[in-house]
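Novice: Protein sequences, first through last, are from chains W and A. Counting in my numbering, the first sequence runs without a single skipped number right up to 805 at its last residue. Counting in my numbering, the second sequence runs without a single skipped number right up to 805 at its last residue.
Because the hints were derived from the structure by calculation, they are not lab data. Do not rely on the hints blindly, as some may be mistaken.
Unchecked claim - BS3-like mimics (lysine-lysine), calculated; alpha carbons at most 27 angstroms apart, straight line:
| id | chain 1 | residue 1 | chain 2 | residue 2 |
| --- | --- | --- | --- | --- |
| 1 | W | Lys487 | W | Lys690 |
| 2 | W | Lys655 | A | Lys655 |
| 3 | A | Lys544 | A | Lys690 |
| 4 | W | Lys638 | A | Lys638 |
| 5 | A | Lys488 | W | Lys690 |
| 6 | A | Lys586 | W | Lys690 |
| 7 | A | Lys436 | A | Lys369 |
| 8 | A | Lys369 | W | Lys487 |
| 9 | W | Lys690 | A | Lys789 |
| 10 | A | Lys690 | W | Lys488 |
| 11 | A | Lys638 | W | Lys369 |
| 12 | A | Lys655 | W | Lys638 |
| 13 | W | Lys638 | W | Lys655 |
| 14 | A | Lys690 | A | Lys740 |
| 15 | W | Lys796 | W | Lys740 |
| 16 | A | Lys638 | W | Lys655 |
| 17 | A | Lys487 | W | Lys690 |
| 18 | A | Lys487 | A | Lys586 |
| 19 | A | Lys369 | W | Lys488 |
| 20 | A | Lys740 | W | Lys369 |
The chain contents come next:
Protein chains: 2
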Amino acid sequence: MIKSIGIALAGFGTVGAGVFDYLQHQSDLLAERSGFRFDVRSIVVRDLKKNRDVAPPSSLFTTSWRDLLKDPEIKIIVELLGGTTDAFDLIKAAIESGRMVVTGNKALLAEHGQEIFALAKKHDVPIFYEAAVAGGIPIIQSLRDAFVGNRIESIHGILNGTSNYILSRMQEAGLDYKAALAEAAELGYAEADPTFDVNGGDAAHKAIILAALAYGFWVKLEAIRVDGIEAVTAADIFFARNLGYNIKLLATIRSAADDSIEVTVAPTLISKNSVLASVNGVFNAIAVKGDLVGDALFYGRGAGRKPTASSVIGDLVEAAFALKSEKIHGNGRDKGKINFSFHSLYGTSRAAADICSCYYLRLTVEDQPGVLGKIATLLGDAEIGIASAIQPESLEGSEASLVFMTHQASYGMISLALEKIQKLSCVKSKPVVFNVEAV
Amino acid sequence: MIKSIGIALAGFGTVGAGVFDYLQHQSDLLAERSGFRFDVRSIVVRDLKKNRDVAPPSSLFTTSWRDLLKDPEIKIIVELLGGTTDAFDLIKAAIESGRMVVTGNKALLAEHGQEIFALAKKHDVPIFYEAAVAGGIPIIQSLRDAFVGNRIESIHGILNGTSNYILSRMQEAGLDYKAALAEAAELGYAEADPTFDVNGGDAAHKAIILAALAYGFWVKLEAIRVDGIEAVTAADIFFARNLGYNIKLLATIRSAADDSIEVTVAPTLISKNSVLASVNGVFNAIAVKGDLVGDALFYGRGAGRKPTASSVIGDLVEAAFALKSEKIHGNGRDKGKINFSFHSLYGTSRAAADICSCYYLRLTVEDQPGVLGKIATLLGDAEIGIASAIQPESLEGSEASLVFMTHQASYGMISLALEKIQKLSCVKSKPVVFNVEAV
Chain W
367 MIKSIGIALA GFGTVGAGVF DYLQHQSDLL AERSGFRFDV RSIVVRDLKK NRDVAPPSSL
427 FTTSWRDLLK DPEIKIIVEL LGGTTDAFDL IKAAIESGRM VVTGNKALLA EHGQEIFALA
487 KKHDVPIFYE AAVAGGIPII QSLRDAFVGN RIESIHGILN GTSNYILSRM QEAGLDYKAA
547 LAEAAELGYA EADPTFDVNG GDAAHKAIIL AALAYGFWVK LEAIRVDGIE AVTAADIFFA
607 RNLGYNIKLL ATIRSAADDS IEVTVAPTLI SKNSVLASVN GVFNAIAVKG DLVGDALFYG
667 RGAGRKPTAS SVIGDLVEAA FALKSEKIHG NGRDKGKINF SFHSLYGTSR AAADICSCYY
727 LRLTVEDQPG VLGKIATLLG DAEIGIASAI QPESLEGSEA SLVFMTHQAS YGMISLALEK
787 IQKLSCVKSK PVVFNVEAV
Chain A
367 MIKSIGIALA GFGTVGAGVF DYLQHQSDLL AERSGFRFDV RSIVVRDLKK NRDVAPPSSL
427 FTTSWRDLLK DPEIKIIVEL LGGTTDAFDL IKAAIESGRM VVTGNKALLA EHGQEIFALA
487 KKHDVPIFYE AAVAGGIPII QSLRDAFVGN RIESIHGILN GTSNYILSRM QEAGLDYKAA
547 LAEAAELGYA EADPTFDVNG GDAAHKAIIL AALAYGFWVK LEAIRVDGIE AVTAADIFFA
607 RNLGYNIKLL ATIRSAADDS IEVTVAPTLI SKNSVLASVN GVFNAIAVKG DLVGDALFYG
667 RGAGRKPTAS SVIGDLVEAA FALKSEKIHG NGRDKGKINF SFHSLYGTSR AAADICSCYY
727 LRLTVEDQPG VLGKIATLLG DAEIGIASAI QPESLEGSEA SLVFMTHQAS YGMISLALEK
787 IQKLSCVKSK PVVFNVEAV
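Start from the sequences and build out the full structure, keeping to the hints where you can.
Specialist: Below, the structure written as structure tokens:
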């Protein structure tokens, strides 16, 4: 009754080791539920001699992903190499050889999804990528399958656990950015080089994948505004809280009235009463608004060995069913379900400068009379409405913070106004601009 | 490129009309994404002459579900008849004829899931039932597919929108039960006869389905404790709040240390800081704890025309893919994926009396000295530890409320102790027992 399927793991970091360990020791339940066992026939590693906490027989190791293609018994390749070079070559070669691919590679899909799925379609090979976004949260299959009938109005996602941990600790414990980052690193929530987590790049990759599922095409990374959390200070957290908001690194994806698609990743003030505002620590959450389903929300661990392995294992089973169907019937595949549908009912992404939002602005200014007036005038000249302004007492010496909450304006207009404002002699540093979203 | 598939709607109430309306007017996006259009060839109604807000050509109507089986072009039957008589006969006949079934019938699955899926397995016909639990929330596919590798430690669900609306309004607006129920009825959130929503029966059906997906067998409805919200008073809401809790009608499903399965539906006090406590109004939410995925949560609209149609449409597409695969290959089906896996890695459900919990007890007693002592003594004799007790000042006349929060005890022990307590002459009515859960 139970069928064994040969697979390979390309990459043996945290997630790869988690998948292997699971398949070795915990796969009875999986076999009962699915009817499949997975036989790991080959593992691609960079360093054959590295000490590992999960230690497969060294006979499984190879340093060349090309070896995987030589074994006809390898039917599914789990790509966990990361990066966009070898991983890209491997996935293309796997598809061309008719092998199914399970991948958690968000960077690769965000940058080359267009080509990968075009090739997958050509060869009728499904790609499985639940692990690429939000770890163990089944947001990919939910958007793709469960919500297939929905026009997606918006998606708001907290998609990077490291950033969310840092912001949560700044919020809860009053830490400043550096202290919170140091704490995250100490607890293993931030990598040795956390740049890509805190600068919004990782969240942007995930946002592009979610936007592609919702709208049927791949938005270019270069085209979207990606701001990280490095500019968020304890003062911002404080001001936001007094105004009734929490600050989150939020991916905002939506269809505009003209059906063009907006994708933004930026620190964003959201009402502290919203469910998303209560998502703390390393957790991820995604709020989806569909015309049928209404408001839906998904919450869970966005990273880590086990949660991500959970998604990889779910995908392995889906791949195995697709494979079984193919095997039984002897010819061709389950044509059409490559797990991404290109279509052109939407089809343009809106330029970052044309995307409208309300904003939180913080400026560091000389603490002297008339400054508020000068800045407010420049905002008014740009037709940017001010919803509220805070000029707290100066904290140190001759500098003060000025905070504005604006009405809706395009990012282009606000950027232009801030360029002018920055040139004022009374303005002492680059203004800080965060979004404000009703979620 | 787009394939048309003949389907039938058995039942044309809120959800059936929603599905029909969608397929008539909004299916371009669905076609682009999935490659399918659905051609409704027949609709089973009870009353041919009824006025309907969504009005299909009367030529589609029939009053006999048997007619659906006569049309070989009907490949998928959407069962929305409700109930467990005609619906059961229809589903069995559909399976036997090799047709795929999409159903939202929680009562039928909870009561006859065992037989239905055994028959489905025999005939290799998948059943799709995302709409049976929590409306538009994709909890069925998430538990079944995405979490297929997980040992599920627990599931906590707010599964009945009517009950949750009533409790939310009691909580937010201080309404009593009757006023909140009347408000729900006025807004269309409670049916003319709301019994099955407020007595826990509906939530119990859904809990049985979730337990079956998690643990591989069908718990008997008769075996589980099902308490509704009719006994919840404004005083309970008040006491719970003062103790730091909200009251929710909660389905609690978990595997005990000996791998037996516990299923309970009861009013339950949960910390007001928990995410589930903030799920208000007609919304549903399900918190899942898996050994791999950790804590995950799903939130959305649990009922209503469009959210439930969203799930039916998702299932139609899944069924269409299964059908397409069958068609292309010409023989047999995608064997093995009937969408429910029986297994016996768990396999017993724990008797309600043996399930342990902490409890909230409220007693109406004579307002005279010594009463608290008598009751506390009886609890102590039964070895039920008291975590806290509240004896508020009496509200009216000679009666007073007494509230206890207990430590862990089995439901059998607490029931026995309360039977004795109820016999005390100073106790004026049946004691109220709610669960207390850390979620």
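Novice: None of the hints should be skipped; say for each whether it holds.
Specialist: Here is what the structure says about each hint:
1. Lys487(W) with Lys690(W): Roughly 19 angstroms separates the two Cα atoms, so the pair holds.
2. Lys655(W) with Lys655(A): Holds, at about 25 angstroms.
3. Lys544(A) with Lys690(A): Between lysine 544(A) and lysine 690(A) the Cα gap is close to 51 angstroms, so the pair fails against 27 angstroms, i.e. violated.
4. Lys638(W) with Lys638(A): Roughly 15 angstroms between the alpha carbons, so the hint for lysine 638(W) and lysine 638(A) holds.
5. Lys488(A) with Lys690(W): holds (18 angstroms)
6. Lys586(A) with Lys690(W): violated (33 angstroms)
7. Lys436(A) with Lys369(A): OK: lysine 436(A) and lysine 369(A) at ~22 angstroms, within 27 angstroms.
8. Lys369(A) with Lys487(W): Distance ~17 angstroms between lysine 369(A) and lysine 487(W) Cα, so the pair holds.
9. Lys690(W) with Lys789(A): violated (64 angstroms)
10. Lys690(A) with Lys488(W): holds (18 angstroms)
11. Lys638(A) with Lys369(W): The given pair, whose Cα atoms are some 47 angstroms apart, is violated under the 27 angstroms limit.
12. Lys655(A) with Lys638(W): Between lysine 655(A) and lysine 638(W) the Cα gap is close to 26 angstroms, so the pair holds against 27 angstroms.
13. Lys638(W) with Lys655(W): holds (19 angstroms)
14. Lys690(A) with Lys740(A): Distance of about 70 angstroms is beyond 27 angstroms: violated.
15. Lys796(W) with Lys740(W): holds (16 angstroms)
16. Lys638(A) with Lys655(W): holds (26 angstroms)
17. Lys487(A) with Lys690(W): holds (16 angstroms)
18. Lys487(A) with Lys586(A): Cα-Cα ~20 angstroms, so holds.
19. Lys369(A) with Lys488(W): holds (19 angstroms)
20. Lys740(A) with Lys369(W): violated (63 angstroms)
Consistency note: the structure conflicts with the earlier hints numbered 3, 6, 9, 11, 14 and 20.
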